[in-house]
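**Student:** Listed below are the residues making up each chain.
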Amino acid sequence: NAGVTQTPKFRILKIGQSMTLQCTQDMNHNYMYWYRQDPGMGLKLIYYSVGAGITDKGEVPNGYNVSRSTTEDFPLRLELAAPSQTSVYFCASSYSRSYNEQFFGPGTRLTVL
Amino acid sequence: QKEVEQDPGPLSVPEGAIVSLNCTYSNSAFQYFMWYRQYSRKGPELLMYTYSSGNKEDGRFTAQVDKSSKYISLFIRDSQPSDSATYLCAMTGNQFYFGTGTSLTVIP
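From first to last, the protein sequence lines are chains A and B. Here our numbering runs 12 ahead of the position in the first sequence, where the first position is 1. Here our numbering runs 468 ahead of the position in the second sequence, where the first position is 1.
Bound-form chain B, shown alone (with noise of 0.2 Å):
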């Protein structure tokens, strides 16, 4: 069993949609949870953390951690062009863990 799993897509919403975005892990040792961006040709980039469960906000991004259920969201409100990317979560208990990232295209 992978350490996180994360549905690959690819995904496709017109512009304003609300967008989610998911992971589940199996390791409940985990405690930082993060969500990084990359654009295409580029480097991934911190989007996001949160530790432990619940959520946390920033502008139109919310991550989600349910440690119970060992499931983390992103949510992207009004959801712009700028945003398609490839979204990966990454986890952290004794070493950082990369799900294989979901590809998100806005269309205008």
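Chain A on its own, in the form it takes in the complex (with noise of 0.2 Å):
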């Protein structure tokens, strides 16, 4: 049971390039979600998805899109990367929307130059 997993671990872009974030869980939830971590911000809810086929915006969802096909898997998409988006991104995933535990992936550190 390896929970969630995100691909790559490092990147690094140049302005205006673009890129996908990997995720896959194999726990089986329905409930799964992007999240961007700045160095004293915590954490910002980019997208979120409530099961294969809908996903919903967050609080900072410009400049990102997500695709949800199957269960398993939420790519994050960056379109025309800009260096606002210079940050770690984490994708989880959970039972459900609240009450629950959100499993973590270990994070990809993205820096665009």
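Since the hints were derived computationally from the structure, they do not count as laboratory data. Heads up, a few of these hints could be off.
What the hints assert, rightly or not - Per the computed footprint, the stretches of chain A lying under chain B, defined by three or more beta-carbons under 8 Å from a beta-carbon of chain B, are:
# : stretch
1 : 49-55
2 : 116-123
What the hints assert, rightly or not - Cross-link-like lysine to aspartate or glutamate pairs, in silico, EDC-like; alpha carbons within 20 Å at most:
#  : chain 1 : residue 1 : chain 2 : residue 2
3  : B       : Lys-538   : B       : Glu-473
4  : B       : Lys-535   : B       : Asp-551
5  : A       : Lys-21    : A       : Asp-85
6  : B       : Lys-524   : A       : Asp-68
7  : A       : Lys-21    : A       : Glu-113
8  : B       : Lys-510   : B       : Asp-551
9  : B       : Lys-524   : B       : Asp-534
10 : B       : Lys-535   : B       : Glu-473
11 : B       : Lys-470   : B       : Asp-534
12 : A       : Lys-26    : A       : Glu-91
13 : B       : Lys-538   : B       : Glu-483
14 : A       : Lys-21    : A       : Asp-38
15 : B       : Lys-510   : A       : Glu-113
16 : B       : Lys-510   : B       : Asp-534
17 : A       : Lys-56    : A       : Glu-91
18 : A       : Lys-21    : B       : Glu-513
19 : A       : Lys-21    : A       : Glu-84
20 : B       : Lys-470   : B       : Glu-483
21 : B       : Lys-470   : A       : Asp-50
22 : B       : Lys-535   : B       : Glu-471
23 : A       : Lys-56    : B       : Glu-473
24 : A       : Lys-26    : A       : Asp-38
25 : B       : Lys-535   : B       : Asp-475
26 : A       : Lys-56    : A       : Asp-38
27 : B       : Lys-510   : A       : Asp-68
28 : B       : Lys-538   : B       : Asp-475
29 : A       : Lys-56    : A       : Asp-68
30 : A       : Lys-56    : B       : Asp-475
31 : B       : Lys-470   : A       : Glu-71
32 : B       : Lys-524   : B       : Asp-546
33 : A       : Lys-56    : B       : Asp-551
34 : A       : Lys-69    : B       : Asp-475
35 : A       : Lys-56    : B       : Asp-534
36 : A       : Lys-69    : A       : Asp-38
37 : B       : Lys-510   : A       : Glu-91
38 : A       : Lys-21    : A       : Asp-68
These numbers come from a predicted model, not from an experiment. Just so you know, even glycine gets a beta-carbon here, dropped at the ideal spot from N, CA and C.
From these two lone chains plus the hints, build me the complex, please.
**Tutor:** Written out as structure tokens, the structure is:
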């Protein structure tokens, strides 16, 4: 049982490039989340999904896109990367939207230069 | 006003000290209260959770919730260098709300 896995661990992008951050969970959780974490700013919710085919915006969705074609996978797409998107990105999953533990992946450290 | 407020620290204590970490919140509808621990360059992991007011103890850790004051605390007794991490409070109503985290260093 691997839990939540994320790839890549690290990435450096040039301004204007695009990339997809991968997230997979093997716990059969319906709910999945993408957060970004900046120093001293805590976790900011980017997008979340309540099941395959259903996604919704979080607190800071601009510049990002998501899709959820399967229960297991929840990729995050960055189009036209900007320096403001330099951050650590965490994917998480949970059995339900609230009242249950969120399980986090190890994170992807992204730098945009 | 933020839903959840947490003192970012950093907090530095000698080994063996008692540590108190705190969060305040504004939404009286919150019912589940959690503490996550995040080691450097790792994802957060659940440390403790409590439901409604009261105390919950797990080894050296005690989580306390005071709903009347909208205040939660995490106490760490006999702190160890391995406790050095960032501690995030979290609480749920219809969705998760995380605090910004308190960075703790326990000095041997």
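**Student:** For which of the previously enumerated hints does the structure constitute a violation, in increasing order of number?
**Tutor:** The structure conflicts with hints 4, 6, 7, 13, 16, 20, 24, 26, 27, 33, 34, 35, 36, 37 and 38, although it agrees with all the remaining ones.
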